[in-house]
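Given next are the chains, with one letter for each unit.
4 protein chains.
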Amino acid sequence: MYQFETKIRVRYAETDQMGFVYYGHYFTYFEVARVESLRAMGYAYKELEAEGIMLPVLEQHIKYHLPATYDELLTIKACIKQMPSVRMVFEYECFNEKEELINTAETVLVFMNKKTGKPTRPPQRMIELLEPFFTT
Amino acid sequence: MYQFETKIRVRYAETDQMGFVYYGHYFTYFEVARVESLRAMGYAYKELEAEGIMLPVLEQHIKYHLPATYDELLTIKACIKQMPSVRMVFEYECFNEKEELINTAETVLVFMNKKTGKPTRPPQRMIELLEPFFTT
Amino acid sequence: MYQFETKIRVRYAETDQMGFVYYGHYFTYFEVARVESLRAMGYAYKELEAEGIMLPVLEQHIKYHLPATYDELLTIKACIKQMPSVRMVFEYECFNEKEELINTAETVLVFMNKKTGKPTRPPQRMIELLEPFFTT
Amino acid sequence: MYQFETKIRVRYAETDQMGFVYYGHYFTYFEVARVESLRAMGYAYKELEAEGIMLPVLEQHIKYHLPATYDELLTIKACIKQMPSVRMVFEYECFNEKEELINTAETVLVFMNKKTGKPTRPPQRMIELLEPFFTT
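Protein chains in written order, with my numbering: chain A, 304 to 439; chain B, 304 to 439; chain C, 304 to 439; chain D, 304 to 439.
Because the hints were derived from the structure by calculation, they are not lab data.
Being a predicted model, the structure only gives us computed values, none of them experimental.
Among the clues, some could well be false.
All copies of an identical chain are treated as equivalent in the list; a pair is satisfied when it fits inside any one copy or across any two copies.
[Claimed, not checked] Derived lysine-lysine pairs resembling DSS-like cross-links, with alpha carbons at most 30 angstroms apart:
hint: 1; residue 1: K401; residue 2: K349
hint: 2; residue 1: K421; residue 2: K349
hint: 3; residue 1: K384; residue 2: K417
hint: 4; residue 1: K349; residue 2: K418
hint: 5; residue 1: K349; residue 2: K310
hint: 6; residue 1: K401; residue 2: K384
hint: 7; residue 1: K417; residue 2: K349
Sequences are here, hints too, so could you generate the full structure?
Following this line, the structure appears as structure tokens:
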């Protein structure tokens, strides 16, 4: 299992007239959490695209428990529970400043060859960086 | 069952460097589809908030089948399959210009009293407008 | 002079907790107004990129007079006052449903060769479509 | 003069199909820069709204020199050159990782009483925090 925590401060632009973070902005937060999780492990998402691999989202699920408000410093715990193959699954728990769980979510992504548009395996360097977290 | 189709044209701002609509923007499209579905039925979402009722999202799920590209005129078929009580569920099918199904999604919303923060029933006028679609 | 009016309905996602359209979203509205202005004239912005020409923004200015609110159907009058050369300038007046002027803005764009990154002239077909509006 | 530097990392969501940051997202970056500038001085923007004062944008200007790309860590130098009265003016210089100036911009904001909708003076505590930077 690989786990990483990212802090994200809510921007004014991300609130709506209900006074809360608009429900669609969490998906941007999760993208940031994925990117920072990989960076912390030693892998820049940029490298992936430079190698001709894209990582589109196949499926996204979220349950909202509490709203987030302007300027809050949110903590997103992102977690990869299974060694990625052609697919990579991220699970998240998002907490507010009072450490209350405000939502839980999951993203299924697929490694895709940019030229052929076909599913592919993750790059070798990413596999090597991830493997230590999944060996028993 | 109540069903309505909304057309949404992809904006440049909504594409990302992969050349497709960013996965997080579909939730804005679905919000537009919900609002236009209610408007077509005779109910403006604005009225709801004017009556002191908010309609936050409790849960959101989406499966992406194909990407959408810049300037495409998407068709979102939104559907309410069950008479809303405290909760209202929207299901969507999103099609591109070639009439290919590009994603399917579902949103669970809850009617909430703005003052008390507690779940509440939909406004009477909305119930009256919806009922004819759910009587057998 | 070439002029065109585009209608844009304010989305919930575009409001902020002040209860108004977030100041940064008007630039997306102006992009839509530019694209629809060109389309009305017979030119799809898509064609431009297909011909290897990009049209990045060089300069943007806006004066806000009144806020816009959720669900308002805004009217954006976009205007090209001078025959575009390497640069194209759009001026806008944005009106709310009460026909009040809510902001005025201007965008300077530059035609750029995608490969060389250098400024270039507009495509011949666009020139032909625009010329009738600028001959005396 | 009061000056402060904010670092902002470009999110994938903020790129467009040209492969650059969409021109409209810089206004969100500038908002973050304003908020962080005030926070660094000891003033949370939140306090302002809690005191019944809003700070809408009156005017915005930007000149784009170079594009920003995905994952770049941008530096925004925000500067208040004059002691704010009813209006507050922020000037910005935005730099990429190579320390190239990528754009310059200016925002004019107005302190506004939330209830009356009328211009007002900045809160006393903000005045006291700002004054030392403007006395000769």
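So, going through the hints one by one against the coordinates:
In this homomeric assembly, K401 and K349 come within 30 angstroms of each other (Cα to Cα) only across copies, at 17 angstroms, whereas the closest approach inside a single copy is 34 angstroms. Proximity of K421 to K349 under the C-alpha cut-off of 30 angstroms is found in both arrangements, the shortest distances being 19 angstroms within a copy and 26 angstroms between copies. Proximity of K384 to K417 under the C-alpha cut-off of 30 angstroms is restricted to the intra-copy arrangement: shortest distance 26 angstroms within a copy versus 39 angstroms between copies. Taking the closest pair of Cα atoms, K349 and K418 come within 30 angstroms of each other both inside a single copy (17 angstroms) and across two copies (21 angstroms).
For the homomeric pair K349 and K310, the shortest alpha-carbon distances inside one copy (20 angstroms) and between copies (19 angstroms) are both at most 30 angstroms. Taking the shortest Cα distances, K401 and K384 sit within 30 angstroms of each other inside one copy (26 angstroms), while across copies they are farther apart (37 angstroms). Proximity of K417 to K349 under the C-alpha cut-off of 30 angstroms is found in both arrangements, the shortest distances being 14 angstroms within a copy and 21 angstroms between copies.
In summary, this structure violates none of the numbered hints.
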